[in-house]
Every structure is written in C-alpha cells, then in structure tokens.
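Asks: Okay, here's what each chain looks like letter by letter:
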Amino acid sequence: MMSSLEENTADFSSTSKDGQFLTFLLAGEEYGVDILKVQEIKGYSKTTRVPNSPEDVVGVLNLRGTIVPIVDLRRKFGLPPGDYDAFTAIVVVVVQGRTMGMIVDRVSEVLSIPLVDIQPPTETKGGQPNKYLQGLGKVAEKLVILLEVEAVLLDIDVSEIAA
Amino acid sequence: MNVDMDQFLSAFLVEAQEHIEVFESTLLAVEDDPSNREQLNTIFRCAHSIKGGAATFGLPGVAGFTHHVETLLDDIRAGKIQLTTTISRLLFQCLDEIRLLLASPNGAVPELSDSAKNLVSQLQIASNYSSDEASSVQLEAASGLLEYEFLFQPKADILARGCDPFLPLLELEEVCTNYSVKADTSRVPSLEDFDPEQCYLSWKGQIATEHSANEIREIFDFVADTEDIDLFPIQQNVHTAQKEVTGNSGGSTNPSFRPDAGIIRVSSDKMDRLVNLIGELVINQSILDAVVADFTPNQMGNLIDAVASMARACRELQERVMSIRLVPLRQAFGRFPRVVHDLSNSLGKQVELTMSGEDTELDKALVEAICDPLTHLIRNSVDHGLESESERVATGKSPVGHLHVNASHEGGSVMLEVTDDGKGLDKDKILAKAIDRGLVQAGTAMTDEAIHALIFAPGFSTADAITDVSGRGVGMDIVRSTIDNLNGNVSVYSNPGQGTRVRIRLPLTMAILEGLSLSIGEEIYVLPLTAIVESIQPKKEDLVTITGDEEVVRVRGEVLPVVRLHQLFNSPSYISDPSKGLLVIVSDDERKVALLVDELIGQNQVVIKSMEANYRKVEGVAGATILGDGRVALILDVPELVRCADAAARAA
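First to last, the protein sequences are chains P and A. Each residue of the first sequence is one higher than the one before, counting from 3 in our numbering. Each residue of the second sequence is one higher than the one before, counting from 301 in our numbering.
Only chain P is shown next, with the shape it has when bound in the complex (with noise of 0.2 Å):
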C-alpha cells in the first residue's frame, strides 16, 4: 500500500519536469519531436507533386478530405535519399494550426526525458546554433536529436510567403 503511494508520487513529480517524444530514424540517426505537437502516424503512400515547390516538399497528401503537404526530412537536412518501404511513415504533426507531414524511415518509441537530461544546441562552425534544434537528449548509452518542429516545417513556408 504504502509502496506504491510512494511510486505514484515519484512518478507524478518526474513526469511534470519531462518531456515526451516521439522518436524516430533517420539514415542511421535517432531523432525526437514533442509529442504534444504529433497528430498520428501513418505508412508511407505516394504522394501527389505540387508544381514549383521547395524541393523538399515532395507533394500533398489527402488525409481524411485535408490537403496535407509532406516534408521529406532526408531532403530536408540534405541526407542521402533512401528507398521509401514498408517501414516508411509519415508523421503528421500540427504546428501553428497547420497539419503538415513528415517522412521518416521508420518511427520507434515514445520517450520520456527528464529536462535536466537535454542539452541546448550548441553552436555550430557558423557560430549559430541550428535552429532546428530543440537540444540532444541523452538516453541510456544514445544521444536523441530534439527537433523544433515548427522551425523544420514553417521556415519553407515562412521564408516562402515572404518572398
């Protein structure tokens, strides 16, 4: 009885200084973005080109009778292309009102990382930290990559309606 009162606390108390992710891979690379931010996941289908769009965007998707546009986050980061198979999702994720999808090679596991174990970015050769980080969380023995999704998604559309 007592045990797992105190059990309840702990948890309680390390859940409100974590963070949630959804973690997935990317060429070899394990990556996360908020959870909260995640609307659902679903297999990879062909998508359908938009004309005169950022390469990146690979086209538009029909999700339930919503217009989605799908990021390809390997071209997105400048990653060597890899073969889209059964393990292919796409995530959809809803930033700033936005339903937008991204491609990944496959998605693996919700994680819960206490604050105080993700780091800020650091700054790179630029002397910028990379604005589409939120920080490295370190789990175990791995390092997770924390994307700012709204900065990864919204800065083609941001730079692009300002153009």
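Pulled a few chain A residues facing chain P out of the computed Cβ check, cut under 10 Å:
(1) Gly579
(2) Ile583
(3) Phe869
(4) Pro872
(5) Lys909
(6) Ser910
(7) Asn914
(8) Gly923
(9) Gly930
(10) Ala933
(11) Leu934
From the derived model, a few chain A residues whose C-beta atoms are all more than 12 Å from chain P:
(12) Ser310
(13) Ala311
(14) Arg337
(15) Ser404
(16) Leu470
(17) Glu492
(18) Pro496
(19) Asn514
(20) Phe636
Keep in mind that the hints were calculated from the coordinates and are not lab data. In this text, all values refer to a predicted model and were calculated from it rather than measured experimentally. Just so it is clear, CB atoms sit at the ideal spot from N, CA and C, and this is done for glycine as well.
Since the structure of chain P is already known, use the hints to place chain A on it.
Replies: This is chain A only, laid out in the frame that chain P set:
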C-alpha cells in the same frame, strides 16, 4: 451560467445586426417619405428591440445609448418632432455608434464613450428643442386617457420557451391607471391530458392608460408574438390609438418591412460541416465509379444500379445542402443605399441608386466576400464616374447621376454589374499613367478593352485624380484579386461621356466544381469546365513559333498563345509535340489561351479543397481535389494561367 449567456449573446448580436440593417434601410426610405408613420414605427421597434436585448444580455452601454435614441424616435413617432435632414443624419451617426458599441467591449460597460456622450447630448438637444414647439393638439392626444379591452392569449409553448406570461401582465399593471384582468381557464384540460409544460391560460381585461396601443403591445413583445395580443379601444375618443392599431397590423403583413423574411439562421460552422459531408459523399461516388470500371462482367448490372441510385441520392443531398448555403444577394446590396447616400452627400452630388436582381441567390461565403469589392466599385462610380451637377448639366445630362447595380444568373454563374452614366474612363489618361508607371511600353498598340483592364493592374493608381473618398485602401487591383480568389473574373466596359460598366462573374458556389480531368505524364490535373472553350489536336502547319520561343496556334483564323503546362509545372514526363498531344483552349472571358496537355481523362464533379489551409498558394493552381482512388489532383487556375501567358508574351 456564463457560458450559457455567451451563447445567447451571440444570437442577440446576430439579431441586433438585423435590427440595425432594418433601421438603416427604413430610415433611408423615411427620408424620401417622411409622412409614412409605419416606417417610423418600424424604426422605433428596431431601437426598442436592441435596447431590450442589450439590457438583458449584459450590454448596458448599448442599452443606455439606445435608450436615448429611442426617446428621440418616440418623439418623432408621436409627431412632436419633424424628421429633418439634420435629425436623420444624427440618427445615422447614432446607428454607426450602436454598431461600434456592439462590436467593442465598450458596449458592456455602462459608462458611455466620449463620442457616444457627444451624440447623446445632441439627441437631447434635438428632443428638447422640438418638444417646446409641440403643438397643442398633440399634447392633448398624449394626455388623454385611453381605454382598451385586451385579450392576451399566449401560445401553448410559451412556458417551454422559458417565458413567464405573468411578467407583462405585472408590467401592464404598473403603466395603467385602471387595470382589471381575469384569467380564462376554460381551455385547461382534464388531469390525464394535462401537460405541465403547456400553457392553457389566456387573460382578458380592461385597462385605462396614457400610453398608446403600440406601447402597450411592446410590453408583450418579449414573451409573445403580435398576434397573441388583441387590443381594442373601447371609446370613440381614442381616434389616434385606433389608427395606430390598424397601422400596426398593416405593417406586420407588409413583406418589405419584415426583417427576418428570407433570413436563414444556420451557424456557418454547421454549414461548413455539411458541405464537407457532401464532399465525402461525392468522393465515395467517384470511388464506386472507379470500382465499376474494372469489375467482373456478371455482376456489372447490379453494381451499376447501385451506383446510379447512390449518385442520385448524392445529387439530391448535394442540391439540398447547397440550397441552404445559397442566400439572396439582398444582404450585400442592403448596405449600398447608405454608402451612396453618405458619399453623395459629402461630395455634393445628386445620385440615384437603383438595384435589381437582389433576389439572385449566391453562396453565402461569396455574398460576404463580394460585399467589399462591390462597395468599392460603387464608391468609385460615385466619386470618379459620375460628374458634378454643373458638369452634367453642361453636357446636357440630367443633373441627377444614375447608378445601377444588377445581379442575374447566367449559365452556371452569377453576373454582377455596376453601371453608371458618368463620364466614362479616360483612355488617354489611363494609358499615359500606365506608361508612366512602366506597366506598358510607350507606343504599344492596345485595344480599348486592354487599356480599360489596366485599371486593375497592381501598382496602377490614379492617385492624383483620386480624392480621399476612394483612396481607402482597397484599390482596383485588390478588387480583382478578391474576385480571382473566388474563382470569378471582372471586366470593365466604358463609353466616353456615357458611363462605365463593371461586370463581375462569380461561380454559384465555391465548394463543388464541374471539372475536366487531364493528364500530363503520370500527373492528373483538373480544369474547371466553365473555362473550357474547346479542345483540339492541332495540325503541324497550324503551329507557329514566333521570335524563337513564343508559340502560337491558329484556330479557325484566330491566333492563340500556347502554354506548355509541363514547362510551367516542370513535369517529369510529358508529350512535348503539340501535334501528338492535345490543346485545350481556355478563356477567362477576355482572352483565350491554348494549354498543351497529354490527354483528357473525363468530366466529373470535384470537391474543391484548399491548398492554402495547410500549405500555401501555388502559382497556376486554384486548389486541390480528391480523385476516385483517394489521390490528390490539383485544380488549375485559368485566369492566372491566362495572365501568365500574357506576361510571357509581353516579355518575349
């Protein structure tokens, strides 16, 4: 409790808006015919309803201000004050103030803003000034004690509607000097038939009061409809009251003063969801069609039947829902008389506005969206189009400028026209300005139409010719881009000295479109059927390349620019030889271009989905739709494609 109140508040705001509109249109009518008592009564009732509602729903600012307006209106109605131009102008200002108060948080605070206080003091001056002069006859009528017999027979559902039938009776007792009432219990059924939520009672009584019949009726306004109250004057000396009663009943049957006639109050949210549902249905139908396309022959008959009935049901449902969305243009037209009235007054011009086709129905969203561009066109006509009185007389025209707004159905679209009999567009001035702005090369030969169309070009502003009246931020280019966004188009016709006509063509609805699907390589695009003129397979000798890269095609003597869609869209695979592919000739009502595509697939109804909602505007693309197999196809934006071709031709 708070949440509930908010819900009612929004309903009240909608209602108040309607009252304001009726107030405004009636006031405009009264200006022409000040003796019409019924119209004054209508105005008074509007103010009264706004006041009452505002007080109930926690907007004391609105209620307080409207009370002053009501006081003045009451004096006008009683004939104590003449409705002069000054007073009607004051009332218009008050109306604008009420609008402001309703829209702003100020409406919820009892203290009045400075502008409202200013108006209140003007209202009070107007009331006092005239009441001193009130004629003795009217005073006599006002002080006379009137006796009525009344029968208050509320509808059975009055309790279900949350109203207390006793409240007006109690209020009645307060305003009457002599009051006797008896409840009629004859309709109360036996206990087993008795429904506690129904009201079986009615009341009959006699009253003597200083108030008019209308004022007595107003006491019952909030709980019952007019027909629930019968009020009979029981003495001959109540001549005026009798007139009011008959006047009142006459007014309620007069359709032009029924504010809610023809207004459907459905929340737009619900409406949009319905439209989505229809979209789903239409998609399902296409899916069924796709299944039928490659099915085993023996079950074909059944399946086709199923599809046919599905299609029929689908159509019907679609039409029904669409008809809910269609609203008469009256809503948009309603504000034009006021616009013209104010503007012509401030410019010192005499303008007669006529309107026709207000009953033409159009998608609600379109009606709302078209309101601002139309208002702008009207302002433009009054300001620039119509000459000053002296100029008109000098050119032998009637001193009163005429402005006509018309709406009509034409094919699958709605035509809106704003016509004035003013001086027309000055071609030379427009051309000079366009050359000055670098929009056109000096010495370019241009048709009249092309020159007139220049006024819609972005960056074209006749700023030095424009007074501050029209320069209110909506340029003609905004008018055109708004209309383009609605899948419509706009053109202008003008005869020097005789006037200008602007025509706007709009689709009936924005949600569903009759489309022709076509392919370029493996990609499928949809063209709106209304934009297609014809499609041809050109012979080699009809195709000509001018100056190296500009292609044209000759179609029965007409020379049209060719737009290679695959080039514009950077398609990965395509037919590049026009004589092997197809040319689809499309028109935006003014110009035609030939689009090179691989082949045509077929005609179908498509549901328009927004690209902007989650992504952005794509050049040459009006939106997207979902095909039978669930894939997305892009819908081509014909006016934009035509403009692209034009720009390319000009650059070449």
